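Participant: Listed below are the residues making up each chain.
2 protein chains.
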Amino acid sequence: MPAPKEFLEYVDNKADLFIQRLSDAVAIKSVSSDPQCRSEVIKMSNWIKDQFSAVGVDTELRDLGKQNLGGEELPLPPAVLGRLGNDPTKKTVLVYGHFDVQPANLSDGWGTEPFKLVIKENGQLVGRGSSDDKGPVLGWLNILQYHHECKKELPVNFRCCFEGMEESGSEGLDDLVKRESQSGGWFDSVDCVCISDNYWLNTRTPAITYGLRGLAYFKLMVSGPARDLHSGVFGRMVHEPMTDLVILMSKLVDVNGHILVPGVDEMVSAADVEERKMYEGLDYSIADVDSAVGASTTLSSDIVEVLMGRMRMPSLSLHGIEGAFYGTGAKTVIPAKVIGKFSIRLVPPQTPDNVEPLVRKYIESEFAKLGSKNTCVLEPEHGGKPWVGDINHWNYEAAKAATRAVYGREPDMTREGGSIPVTLTFAESLGVNVLLLPMGRGDDGAHSTNEKLDRSNFIEGTKLLGTYLYEIAALKK
Amino acid sequence: MPAPKEFLEYVDNKADLFIQRLSDAVAIKSVSSDPQCRSEVIKMSNWIKDQFSAVGVDTELRDLGKQNLGGEELPLPPAVLGRLGNDPTKKTVLVYGHFDVQPANLSDGWGTEPFKLVIKENGQLVGRGSSDDKGPVLGWLNILQYHHECKKELPVNFRCCFEGMEESGSEGLDDLVKRESQSGGWFDSVDCVCISDNYWLNTRTPAITYGLRGLAYFKLMVSGPARDLHSGVFGRMVHEPMTDLVILMSKLVDVNGHILVPGVDEMVSAADVEERKMYEGLDYSIADVDSAVGASTTLSSDIVEVLMGRMRMPSLSLHGIEGAFYGTGAKTVIPAKVIGKFSIRLVPPQTPDNVEPLVRKYIESEFAKLGSKNTCVLEPEHGGKPWVGDINHWNYEAAKAATRAVYGREPDMTREGGSIPVTLTFAESLGVNVLLLPMGRGDDGAHSTNEKLDRSNFIEGTKLLGTYLYEIAALKK
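Chains A and B, in that order, are what the protein sequence lines are.
Going by UniProt numbering, the first sequence opens with residue 1, and the numbers climb by one from there.
Going by UniProt numbering, the second sequence opens with residue 1, and the numbers climb by one from there.
In case anyone wonders, no lab produced these hints; they're calculated from the structure.
Some clues are possibly wrong.
These stretches of chain B come out as covered by chain A in the derived footprint (C-beta under 8 Å, 3 or more residues) [to be verified]:
#	stretch
1	221–227
2	295–302
3	341–350
Straight-line Cα separation of at most 30 Å, DSS-like style, residue types lysine-lysine; simulated pairs [to be verified]:
#	chain 1	residue 1	chain 2	residue 2
4	B	K219	A	K219
5	A	K66	B	K331
6	B	K219	A	K369
7	A	K331	B	K331
8	A	K369	B	K43
9	B	K373	A	K251
10	B	K251	A	K373
11	B	K120	B	K43
12	B	K361	A	K251
13	A	K29	B	K331
14	B	K90	B	K14
15	A	K361	B	K369
16	B	K151	B	K5
17	A	K361	B	K151
18	B	K277	A	K373
19	B	K90	A	K251
20	B	K251	B	K337
21	A	K331	B	K29
22	B	K251	A	K331
23	A	K219	B	K369
24	B	K331	B	K251
25	B	K369	A	K369
26	A	K331	B	K178
27	B	K331	A	K43
28	A	K331	B	K361
29	A	K400	A	K152
30	A	K277	B	K373
31	A	K331	B	K66
32	A	K251	B	K331
33	A	K337	A	K369
34	A	K277	A	K151
35	A	K219	B	K331
36	A	K331	B	K90
Stretch-level coverage of chain A by chain B, calculated; a stretch enters the list once three of its residues show a Cβ under 8 Å from a Cβ in chain B [claimed, not checked]:
#	stretch
37	213–223
38	287–301
39	313–321
40	417–429
In this text the structure is predicted, and so the values were computed from the model without any measurement.
Built from N, CA and C at the ideal position, the CB exists for glycine as well.
Start from the sequences, fold in the hints, and give me the full structure.
Facilitator: Structure representation (structure tokens):
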């Protein structure tokens, strides 16, 4: 059961209206990390509820409580839950998206006002949130509008969960998802989940994503003096915290990305021939990496090795040092307390819980070897488990069939190097298959300046998400 | 020829007036690094000129040109030159000081308004510039006032050079000193120099300082990507500049302060028995270091080793990293370009010119060993040569005799771990002996909050500087 021709035509015919609605959504400054914008995020919750109600969805705002942000108590923007259809002969699909956005200012280097959607001649729709994640959320709305206006029944039972705190740690969402996943809850009887909140690997080939890395973030503090010291007066008198910290940080990862913490890399088995073949089949080259990075600095000249480095291997990055001199110019300070920040991206079977003891043991042992009189403390920060979905599930088969139908080609089957923690929450709370079905391209610049969504990705992406629902119905008839 | 009893009594009798004048000087916000305060520094130039003129000194303001500060062109505060006496049978003494100060705000943690001198019950005169360096400059003024009011002839020919840019790199001063040192210049025929702009080693024992370390400051840049990258997306795909930089920085100095750049430590010969004895004689203990640092983290439990580490050994400190994440919290960035800041404090025979090639060769060799595709550039910043004076010269004999006369004890003969670059300018331009004769104590907090000068240091210090002039005359009669 491919999607009806009328649906595809409807989407083409309504394209300009859909883009106007995306423009309305972008104009609401729903920056979740900025207390000044909190009322705009809440306005966005209501806007989303109203839009989905208008196309026949039964919606509810769900209060998520309050948030303490820099000493200020702020109301969390309500999540929007929606449901349409309750036919026991149909599959029930839950879709997730978010309507909050990253901060954006013209002065950051935007070419145009970030909260005013600009339609460029090359078809790019430029504006904050166009691709991450207002475009995909409105993709679902477009589909529902067709069925509502044309009085067509959806091929599946539809459930949605849209939140306004994704860019700020999805505060409050985990509890809601767990609660609603229980018997009698809003997500009871959900059969599969579809999340459209990531990107194609490149700018050419549609993708389906079946894995995400987890994260273990660490703060490594070395302290000694009670206050910062003058390097002229105290240099070579006392153990300097920066010296100790830099030595410890230099022992975490080598120049080729190998993690030096014993046991961490070793947890991950090598790829077999079959898995390697999947990476060989991806439409991505060293030139694509170089273009994305703006330099030729890949760890290997073999694209399969480089892609596996992102997708199926853990990585350790040194992010910076808090407490040391960071300005331009020259300052002759011996910092009293310095905090190294580093994190490890995790892949199965790694978890924050099984990696942290390895890091702690190693740091403690290396610091003891130094014989410094300073104090060293390792503090694990927020983390998250990795996730890998079962690509042989009918949920993936439906997404692949939809991609073939809309784009006429096989999708890249990708794993993301980053994390979308809510994915794991859905997978674990519901115990059903989850897939990521991206709408935008790899160069959309989601958290960067001049974020855009290509018009064709918005329109064909709407068709893709709609066709995916029909393919589920066809496969599971 | 010790100082006349009348001079010493005069100083005691006028103590309150001297302190009132110090209060007037502190009230002028002569912060040389703050463009907003530039007019106050210039006001201070005029105030100093007027004060020294009033006690019979022939004074001149010397224009030092303009300064470019953050794109703004500012007039440099004029230096104040002074002279009194031209008797060929007397020695000619040049004294140096500065009347600009470090920034200070109540919000930095001051207990009282920083630019209002507060006389505490324990005798501390608390205010910005009290000790660094308005107190010592006014010490010379106090001496001249006695001779002027009481119509006494000075025992030496007096020359002075006071500047208003010391806390901002003494911009413009070097050229002036070199010019005035030439035949016919203001400093022509100067026999020795006395600088009162440092501190006792402790809070108990007067000191004379005969050495300063030099400085070679370096910026070590590693760059790769054209922009900062997301560690989830790019972690383990590309060579990360932070990884390379931290490895390089970890190879510069070990945890015990030994400099790992081949040839640097090796340039300095070991102390012989006699030199060691000088350090053994200093009134300073590990407890004093611990108290100054606020922690027990000395590199050795032997105070002689610790003091030699500051005074006669080079030191290498890692100050920080520009371009990396430095905030609180957690950020999962791969910084695109990071600049490590480190500096080496130098002792003879080291100079920035002979140390820099060793650092460059070592960094280039170590970076090549890494095999990274990133780019590494070493950039030497401002530097200065070290200085050691001849302590057997009559200039030092006079200062020692004056210390015995005023304080009734032998001074600590110290070398400073830091740099006062103008010292070397005077030594090299004039080719005469230079000494540092501090007025304040080791805990004055010169660049810190709650800077103070003890009343007794101001009053006895005035006697010390005056007696020093008389001892020169006695020794060289």
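Participant: All hints are to be evaluated individually against the structure, with a verdict given for each.
Facilitator: Status of each hint after checking the structure:
1. 221–227: Our answer is that it holds, as 4 residues pass the Cβ test (under 8 Å) against chain A, meeting three.
2. 295–302: Per the Cβ count (5), the hint holds.
3. 341–350: holds (count 3)
4. B/K219 / A/K219: Status holds; Cα separation ~25 Å.
5. A/K66 / B/K331: With a Cα-Cα distance of about 24 Å, the restraint between A/K66 and B/K331 holds, given a limit of 30 Å.
6. B/K219 / A/K369: With a Cα-Cα distance of about 29 Å, the restraint between B/K219 and A/K369 holds, given a limit of 30 Å.
7. A/K331 / B/K331: 25 Å, holds
8. A/K369 / B/K43: Cα-Cα ~57 Å, so violated.
9. B/K373 / A/K251: 20 Å, holds
10. B/K251 / A/K373: 20 Å, holds
11. B/K120 / B/K43: The hint holds at about 28 Å.
12. B/K361 / A/K251: 23 Å, holds
13. A/K29 / B/K331: 23 Å, holds
14. B/K90 / B/K14: 28 Å, holds
15. A/K361 / B/K369: 29 Å, holds
16. B/K151 / B/K5: With a Cα-Cα distance of about 15 Å, the restraint between B/K151 and B/K5 holds, given a limit of 30 Å.
17. A/K361 / B/K151: 77 Å, violated
18. B/K277 / A/K373: Answer holds: B/K277 to A/K373 is near 28 Å, not above 30 Å.
19. B/K90 / A/K251: 65 Å, violated
20. B/K251 / B/K337: 20 Å, holds
21. A/K331 / B/K29: Answer holds: A/K331 to B/K29 is near 23 Å, not above 30 Å.
22. B/K251 / A/K331: 21 Å, holds
23. A/K219 / B/K369: 29 Å, holds
24. B/K331 / B/K251: 26 Å, holds
25. B/K369 / A/K369: This hinted pair holds, its Cα atoms lying about 24 Å apart.
26. A/K331 / B/K178: Holds. A/K331 to B/K178 sits at ~27 Å (cutoff 30 Å).
27. B/K331 / A/K43: Within the cut-off at roughly 28 Å; holds.
28. A/K331 / B/K361: 24 Å, holds
29. A/K400 / A/K152: Within the cut-off at roughly 24 Å; holds.
30. A/K277 / B/K373: 27 Å, holds
31. A/K331 / B/K66: 23 Å, holds
32. A/K251 / B/K331: 21 Å, holds
33. A/K337 / A/K369: 20 Å, holds
34. A/K277 / A/K151: Between A/K277 and A/K151 the Cα gap is close to 45 Å, so the pair fails against 30 Å, i.e. violated.
35. A/K219 / B/K331: 11 Å, holds
36. A/K331 / B/K90: Outside the cut-off at roughly 43 Å; violated.
37. 213–223: holds (count 4)
38. 287–301: holds (count 9)
39. 313–321: It holds: at least three residues are needed, and the stretch 313–321 of chain A offers 9 whose Cβ sits within less than 8 Å of chain B.
40. 417–429: It holds, with 3 qualifying residues against the three required.
Figure legend: structure checked against the earlier numbered hints; hints not met, in rising order: 8, 17, 19, 34 and 36.
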